[in-house]
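2 protein chains.
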Amino acid sequence: MTVLRLGQRYVRDDRTLTHLCLVSRALGAEAIYLEEVEKDIPSTVKEVNETWGGDFEVIVGRPSKKVMAEAKAEGRKVVHLTMYGLPLQEKIDELRLADKILVVVGGPKVPGYVYHSADYNIAVTSQPHSEIAALAILLHEVQSGEELKRSFGKSKLRIVPSARGKRVVES
Amino acid sequence: MTVLRLGQRYVRDDRTLTHLCLVSRALGAEAIYLEEVEKDIPSTVKEVNETWGGDFEVIVGRPSKKVMAEAKAEGRKVVHLTMYGLPLQEKIDELRLADKILVVVGGPKVPGYVYHSADYNIAVTSQPHSEIAALAILLHEVQSGEELKRSFGKSKLRIVPSARGKRVVES
Chain A
1 MTVLRLGQRY VRDDRTLTHL CLVSRALGAE AIYLEEVEKD IPSTVKEVNE
51 TWGGDFEVIV GRPSKKVMAE AKAEGRKVVH LTMYGLPLQE KIDELRLADK
101 ILVVVGGPKV PGYVYHSADY NIAVTSQPHS EIAALAILLH EVQSGEELKR
151 SFGKSKLRIV PSARGKRVVE S
Chain B
1 MTVLRLGQRY VRDDRTLTHL CLVSRALGAE AIYLEEVEKD IPSTVKEVNE
51 TWGGDFEVIV GRPSKKVMAE AKAEGRKVVH LTMYGLPLQE KIDELRLADK
101 ILVVVGGPKV PGYVYHSADY NIAVTSQPHS EIAALAILLH EVQSGEELKR
151 SFGKSKLRIV PSARGKRVVE S
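Going down the list, the sequences are from chains A and B.
Note that the numbering used here gives residue 160 to position 160 of the first sequence, counting from 1, and the numbers run on in steps of one.
Note that the numbering used here gives residue 155 to position 155 of the second sequence, counting from 1, and the numbers run on in steps of one.
There may be inaccurate statements among the hints.
It does not matter which identical chain is meant; a pair holds if it fits inside one copy or across any two.
[Said to hold, decoys possible] Calculated pairs, DSS-like style, for lysine-lysine (alpha carbon to alpha carbon, straight line, at most 25 Å):
{"no.": "1", "residue 1": "149", "residue 2": "91"}
{"no.": "2", "residue 1": "46", "residue 2": "156"}
{"no.": "3", "residue 1": "109", "residue 2": "46"}
{"no.": "4", "residue 1": "156", "residue 2": "166"}
{"no.": "5", "residue 1": "72", "residue 2": "100"}
{"no.": "6", "residue 1": "109", "residue 2": "166"}
{"no.": "7", "residue 1": "77", "residue 2": "65"}
{"no.": "8", "residue 1": "166", "residue 2": "77"}
{"no.": "9", "residue 1": "72", "residue 2": "166"}
{"no.": "10", "residue 1": "156", "residue 2": "109"}
Keep in mind the hints are simulated off the structure, nothing from the lab.
Here chain A stands alone, though its shape is the one from the complex (with noise of 0.2 Å):
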């Protein structure tokens, strides 16, 4: 699974940007793409990857038409988050039945072409919320959960999960 963050930057952007690659990285995407970006999203990434494991990728600077034009081009069904779109819940199993997909994520303006050349428009809900939470769910709904499991392999620390308190440990 990729993920295309649409638009160009805007003022106060950087932490939605942020959290919308580290989610993409911590539930199982491979890749995102980013339009254009303000500050050091790329290398604040690396420094994740090289602490906590993976080799999730952020590539900057491809056309978004171009990025859609590959992901059909190589199979990929793209999928675009809107909350115009048909729900989730009603188009989940066909989503499961992709082999790879290429989610779209919304900026500030999202061109028409966008919508007529998405395989589907999806909404997770039809109210108004955050770009990073339907993101979130779609992740982890077209994979059932299972992206919870993931191991990261190689990684400086690891996290022993507890039911009180803090544990790290390096491995």
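On the provided structure of chain A, position chain B as indicated by the hints.
Coordinates of chain B only, in the frame set by chain A:
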């Protein structure tokens, strides 16, 4: 279900706070407690209620310790989201049995008493990602996805889900 966001304001945090409020509302919580807010978050959420329905509440300024103590006194289970906690998938069956829940979402620095007075410390993966995503997946799982079908009652506008494009009607 109610949500408590721990911690004081800090620079550039208002977008994250807005996301937390709107996710709580869209995914079926009744209210969110914020210790302190910088911006006009309560009025933003009020406008969302007026436009899209429901009576979700933003409660500002009550000390976190008090909110947690009151929740326990009224029989709520207190569920603290932390990457150091026990895996969600191991505790979800137990959490679904709880009548009422207060979800506690960490801010920049979580005091030790939170880990100790919570009934559950729960991790949505042991990887660093986003409190918005963790909250979304917890709310979604505790309600077994039923929250996605929730109606928000009387509203000014309503979205008619579409395979392509945007359809909004006055209601």
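- Message: Need the list of violated hint numbers for this structure, in ascending order.
- Response: none
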